[in-house]
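All chains, full assembly: derive it from the sequences and hints.
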Amino acid sequence: MSSVLEVTDLTTVFHTRRGLVRAVQGVSFTVNRGETLAIVGESGCGKTITALSLMRLLPMPPAEIVAGSVKVAGTDLLQVDDATMRRMRGSEIAMIFQEPMTALNPLITVGRQIAEMVMLHENLGRSAARAKAVEMLRHVKIPEPERRAREYPHQMSGGMRQRAMIAMALACRPKVLVADEPTTALDVTIQAQILDLIGDLQRELGTAVVLITHDLGVVAEVAQRVVVMYAGRKVEEAPVAALFADPKHPYMRGLLASIPRVGTARGMASMDERLQEIPGIVPPLNELPAGCAFAPRCKLADAHCRAEAPPFEMKAADHAAACWKS
Amino acid sequence: MSPLIEVSDLRKYYPIRKGVLRRQVAQVHAVDGVSFSVGEAETLGLVGESGCGKSTVGRAVLRLIEPTSGAVKVRGRDITQLGKTELRPLRREMQIVFQDPFSSLNPRIRVGDIVGEPLKVHGIGDRRQREEKVAQLFARVGLRAAQMRNYPHQFSGGQRQRVSIARALALDPSFIVADEPVSALDVSIQAQVINLLMDLQRESRLSYLFISHNLAVVEHIAHRVAVMYLGRIVEYADKTTLFTQPLHPYTEALLAAVPMPDPTLKRQKRHVGGDVPSPISPPSGCHFHPRCPYAEARCRVEAPVLREVAGGHQVACHLR
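Top line first, the protein sequences correspond to chains D and F. With my numbering applied, the first sequence covers 1 to 326. With my numbering applied, the second sequence covers 327 to 646.
Some hints could be false.
What the hints assert, rightly or not - Below, simulated DSBU-like cross-link-like pairs (lysine-lysine); rule was C-alpha separation at most 35 Å, straight line:
no., chain 1, residue 1, chain 2, residue 2
1, D, K141, F, K344
2, D, K299, D, K325
3, F, K399, F, K459
4, D, K175, D, K315
5, F, K459, D, K299
6, F, K446, F, K459
Said to hold, decoys possible - A short list of chain F residues far from chain D (calculated; beta carbon distances all over 12 Å):
no., residue
7, I391
8, R418
9, R456
10, A471
11, R475
Stated by the list, open to error - Simulated coverage check for chain F against chain D, where a stretch passes if three residues somewhere in it have a Cβ under 8 Å from a Cβ of chain D:
no., segment
12, 479-489
13, 512-520
14, 529-542
15, 578-585
16, 597-607
Read the hints as simulated data drawn from the structure, not as lab findings. We put the CB at the ideal spot given by N, CA and C, even for glycine.
Below, the structure written as C-alpha cells:
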C-alpha cells in the first residue's frame, strides 16, 4: 500500500500571554490511499489543532508549527509558499468541519460556492463549473440538486449542509480528506447517512481520510487505524481491531470501560452496575505535569511515571503506546 | 397509589406570526399530546432527535413554559391550573439540570452562592445555616467545600455540572428533569456524572425525567423509556423491552443507527433515509411515514394512536 499522507514529528505551539502552550507535540502518522485513520481524544487533546496544522489553516501568530513535516504524495505542505498551498487545498488535501453553517458562506448560494472552488482549481468556465457543482450535489445524494444549488446554506437542514460541504471538499478529487467531527452536530439517524456517504465516496475516489472524533462508536465503525491523543501527544496507535480488543494505554482502557453501550447490556444492565470512571480532569495544556501527562489520573502511575515522560514505543506487532506500565 | 408525576395529553403550540399586524399564520406543534408517568425513585428516559420536542416537554412539566393544554399531576394534584403562589411550594419538589454547564451558571456569582440561591429564595435558614447546607451539598456531589468561593470559570465542565446538580438538590426535591446533562461533557467525564446521578437516586429516592439523544446513556440509567418523534410519543416501554423488542420502525432505526464501539460487529446498512421533517408542517398521517420502510397507504392519511400491545408496552404504529 502506498501512503499518500505522511505526517512526521508535527509540533504546533501557541504563543500566549501566559507563555508557550504546546498544543501538538511530535505527532507522526501515515495514511494510505483509500484508508481511514481516526484521531481520537477529548477536548483539548490537540486533535483539531493537528487537523488545522495539516491544512495550514491556523492563524500565525499566535500559532506556530515549530517542527515536523506534512507530506502529501511526497510534497511537504509545510515548506511550500502560500500560493502553492492555496492551490493544494482542495485539489490535494481538503477539509470538512463539525458545523457546516460556520464553514459555508451564508451570503452565497451553495451551488456558487462549489462552482467557485471548481473554477479556482480546474480550467473550467462559469457554466461548466456550475454544471459540475450540480453534478457534485447529485453525487452526495441531495434530492433535486438543480434547485438546491440555488439555495443559501440557511435554507438547508444540518445533514443537507454537511452533504453540501462534502460535495465541495471532494469536487476536485483531493487525495486526502480531513474530517473534523463531521457528524458530531448531527442527529444519530443523519450521522449514519453521512458516515455511509463518506465511506461510499472514499471507496469510489480512493480518498485517504483523516477522521477526527471523540466518539469511539464512530471510530469502531469506520476507521481502519486509530491514533489516540492525550494532552497534545500521541499515546497509542494501532489497527482498530487490536486497539479495541487489547488497548495498551491505561487512558484508552479507561475510556473503553467508561462508555455505556447500547444493546450489549440488552437493557438488562442492573441498576447497581456503575460505569467505570476515569477520575480527575484533562489537564490544561499550559499546566502539564512533568512526566506522563496522564499520571495524575492513572491508577497504575508511580514515581517513575510522574518524573519522566514515557517513550512512544512498540508494545506488540503494529501496536504502539506511550506508557511505562504496559 | 398515583405516581409521583403524571402527565396527560400535554400540548405546547407556538404561534408563527407574519406581517406588520403579526397575524398568526400557522402553529408549531412542538408537543402534540404527550402522556407519561414517573414513579417514585424511578427514571424515565425521554429520547428523540433534535426538534422532536423532548426539551419542551421537560420545561412544560415544570411550568418553566406554560403548556397550551393538558394536565401535569404531582402526587395527584394538577399543577397546570395553579396560580404563582400556590405553585411556589411545589417548585421546591421539582428541579432541573440543564445541558450546558457553561451557560446555565451565572459567571459573576460565586458557585457557593449559586447553590445557596434556592435556599435564599425560599427563605430557608439563616445565613450560617445556609452556608452549612451548601457545604453539605458540595460534599454530596463530590466537590470540596473550599471551592465554594470560586467562580464558575474556575471549574471544568464536569465540575460545573456537579455545581448544577448541587443547586438542583438544594431544596431536597423529589423530582429532577435532567435535560441532556452529560451531552456537553467529555467521554471520560460523562461516567462520573452518570454515576453521581444514580448514586443520588439510590440515596434519596429521587425521580428523574432523563432527556437525552444518547440511547446508550438512556439504556444505562433509565427504568422506562419513551421515544419521541415530531412532538409525539411513538413508543413507550420498560427499558429491557424497548431495547430488546423495539416495535416502532423509528425506534428500530434509531437503535440501528447508533455506532457501536466494537469493531468486530459487522455494520448493518439499513439506515433510514431522509431528514427529520419540520414541525411547522409535519407529514400527514403518521409523522414518520415518509422515512418509514414499511409505510402503507393507511399510514399516509391516518395518524396512529399510542396503544398498548403488551403489559406496559405502548406503540403508535398501524402495522405493529
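We went through each hint and held it up to the structure:
no., hint, in the structure
1, D/K141 - F/K344, "holds, 34 Å"
2, D/K299 - D/K325, "holds, 11 Å"
3, F/K399 - F/K459, "holds, 30 Å"
4, D/K175 - D/K315, "holds, 31 Å"
5, F/K459 - D/K299, "holds, 33 Å"
6, F/K446 - F/K459, "holds, 11 Å"
7, I391, "holds, 23 Å"
8, R418, "holds, 26 Å"
9, R456, "holds, 28 Å"
10, A471, "holds, 19 Å"
11, R475, "holds, 19 Å"
12, 479-489, "holds (count 3)"
13, 512-520, "holds (count 8)"
14, 529-542, "holds (count 3)"
15, 578-585, "holds (count 7)"
16, 597-607, "holds (count 5)"
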